[in-house]
Amino acid sequence: AQKVTQAQTEISVVEKEDVTLDCVYETRDTTYYLFWYKQPPSGELVFLIRRNSFDEQNEISGRYSWNFQKSTSSFNFTITASQVVDSAVYFCALSESLSYGGSQGNLIFGKGTKLSVKP
Amino acid sequence: DGGITQSPKYLFRKEGQNVTLSCEQNLNHDAMYWYRQDPGQGLRLIYYSQIVNDFQKGDIAEGYSVSREKKESFPLTVTSAQKNPTAFYLCASSIISSSGANVLTFGAGSRLTVL
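Just so you know, the sequences run in chain order A and E. The numbering of the first sequence is the numbering used here, which starts it at 1 and goes up by one. The numbering of the second sequence is the numbering used here, which starts it at 120 and goes up by one.
To be clear, the hints were calculated from the coordinates, so they are not data collected in a lab. Careful: at least some of the hints might be erroneous.
Stated by the list, open to error - Every beta carbon over 10 Å from chain A, so not counted as near; a handful from chain E, in silico: (1) 137; (2) 143; (3) 182; (4) 190; (5) 192; (6) 200.
Said to hold, decoys possible - Straight-line alpha carbon distances no greater than 27 Å define the calculated DSS-like cross-link-like pairs of lysine-lysine that follow: (7) E/133 <-> E/202; (8) A/38 <-> E/176; (9) A/38 <-> A/16; (10) A/38 <-> E/133; (11) A/111 <-> E/176; (12) E/189 <-> E/176; (13) E/128 <-> E/190; (14) A/70 <-> A/118; (15) A/3 <-> A/118; (16) E/133 <-> E/190; (17) E/176 <-> A/3; (18) A/3 <-> E/202; (19) A/114 <-> A/38; (20) E/128 <-> A/111; (21) A/118 <-> A/38; (22) A/3 <-> A/70; (23) E/202 <-> A/111; (24) E/176 <-> E/128; (25) E/202 <-> E/128; (26) A/111 <-> A/16; (27) A/118 <-> A/16; (28) A/3 <-> A/111; (29) E/128 <-> E/189; (30) E/128 <-> A/114.
The C-beta atom is built at its ideal place from N, Cα and C for all residues, glycine as well.
Okay, chain A solo, but in the shape it has when bound (with noise of 0.2 Å):
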């Protein structure tokens, strides 16, 4: 059965501290997609990558950056040079493709990390 499982349950650093944060998720299909989703204490949830299972390239954006490896079920997300506004509940999630028995927008969420960055 599909699962998302991130180990960590909180993190605290201090500003300018890389962190990684990290997801490993088990699916049986062989197209799949893998999303990392960010929420604030405001609550709502913040889109912030999406990858496909035939896309293995690093991704970086800005601060951000994320590392795909099939042979780990691993997509782990790394923020470098923490600031406090990135203190935020993170969740990675997993997408089974339609024809796997996936539905449109079921997504199968972590239990996220807590992420505390102090000034």
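Once you've looked at the hints, dock chain E against the given chain A.
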């Protein structure tokens, strides 16, 4: 600005009462969703709808009902049959894609507490 509006932000109800959470979007998205979030847990899908007057159950639909009379609106009713209704409820919307791996836009959520 386009977005999703959920109301109310906080809601209290007594056991045995039904309550309806509102969700409106002006993004012209075809698909809308309701997710439930419990403390320290990920989100779980309650219901979703891809077109007006049609909707499908998600993983935890028992004790909930929805309607989709307008493209912009997707209200969720938490009925008295829901055993543990206290939770944070998030509404989302998206375009419909052939892959199904849609990028969801979320509202700010409604926090329901049963007294």
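Here's how the hints hold up against the structure:
No Cβ of chain A approaches the Cβ of residue 137 of chain E within 10 Å, the least distance being about 23 Å, so the stated non-interface status holds. The beta carbon of residue 143 of chain E is kept farther than 10 Å from every beta carbon of chain A, the shortest such distance being approximately 14 Å. With a closest Cβ-Cβ approach of about 19 Å to chain A, residue 182 of chain E is found to remain outside the 10 Å limit, as its non-interface label requires. Interface exclusion of residue 190 of chain E from chain A stands, the closest Cβ pair being 15 Å apart, more than 10 Å.
With a least beta-carbon separation of about 17 Å from chain A, residue 192 of chain E lies farther than 10 Å from that chain, consistent with its non-interface assignment. A cut-off of 10 Å between C-beta atoms confirms that residue 200 of chain E is not in contact with chain A; the least separation is 23 Å. Restraint check for residue 133 of chain E and residue 202 of chain E: the C-alpha separation of about 13 Å stays at or below 27 Å, so the hint holds. With a CA separation close to 26 Å, the supplied pair residue 38 of chain A and residue 176 of chain E stays within the 27 Å bound.
Proposed proximity of residue 38 of chain A and residue 16 of chain A is supported: the alpha carbons are some 19 Å apart, at most 27 Å. Of the supplied pair hints, the one linking residue 38 of chain A and residue 133 of chain E is violated, its CA atoms being roughly 32 Å apart against a limit of 27 Å. Between residue 111 of chain A and residue 176 of chain E, the direct Cα distance comes to roughly 22 Å. Compliance with the 27 Å bound is thereby established for this hinted pair. A threshold of 27 Å between alpha carbons decides the hint, and for residue 189 of chain E with residue 176 of chain E the separation of about 18 Å falls inside it, so the pair holds.
For the proposed pair residue 128 of chain E and residue 190 of chain E, the alpha carbon gap of about 22 Å is at most 27 Å, so the pair holds. Taking the CA atoms of residue 70 of chain A and residue 118 of chain A, the gap is about 33 Å. The hint is violated against a cut of 27 Å. For a cut-off of 27 Å, the pair hint linking residue 3 of chain A to residue 118 of chain A is broken: about 31 Å separates their Cα positions. Under the criterion of a C-alpha separation no larger than 27 Å, the hint pairing residue 133 of chain E with residue 190 of chain E is inconsistent with the structure, at around 31 Å.
For a cut-off of 27 Å, the pair hint linking residue 176 of chain E to residue 3 of chain A stands: about 20 Å separates their Cα positions. At most 27 Å may separate the alpha-carbon atoms for a hinted pair to count; residue 3 of chain A and residue 202 of chain E meet this at roughly 25 Å. Between residue 114 of chain A and residue 38 of chain A, the direct Cα distance comes to roughly 10 Å. Compliance with the 27 Å bound is thereby established for this hinted pair. At roughly 22 Å between alpha-carbon atoms, residue 128 of chain E and residue 111 of chain A fall within 27 Å of each other, so this suggested pair holds.
For the proposed pair residue 118 of chain A and residue 38 of chain A, the alpha carbon gap of about 18 Å is at most 27 Å, so the pair holds. Note on residue 3 of chain A and residue 70 of chain A: the hinted pairing holds, with a Cα-Cα distance of about 15 Å set against a maximum of 27 Å. Distance hint between residue 202 of chain E and residue 111 of chain A is fulfilled; the C-alpha atoms sit about 22 Å from each other, no more than 27 Å. For the proposed pair residue 176 of chain E and residue 128 of chain E, the alpha carbon gap of about 24 Å is at most 27 Å, so the pair holds.
As the CA atoms of residue 202 of chain E and residue 128 of chain E are separated by approximately 21 Å, the hinted pair is consistent with the 27 Å bound. Straight-line distance between C-alpha atoms of residue 111 of chain A and residue 16 of chain A comes to about 26 Å, which keeps the hinted pair within the 27 Å bound. A distance of roughly 9 Å separates the Cα atoms of residue 118 of chain A and residue 16 of chain A; the hinted pair therefore holds under the 27 Å criterion. The straight-line distance between the Cα atoms of residue 3 of chain A and residue 111 of chain A is roughly 10 Å, inside the 27 Å bound, and the hint therefore holds.
For the hint linking residue 128 of chain E to residue 189 of chain E, the alpha-carbon distance of about 22 Å falls within 27 Å, and the restraint holds. A hinted pair counts as satisfied when its Cα atoms are at most 27 Å apart, and residue 128 of chain E with residue 114 of chain A qualifies at roughly 22 Å.
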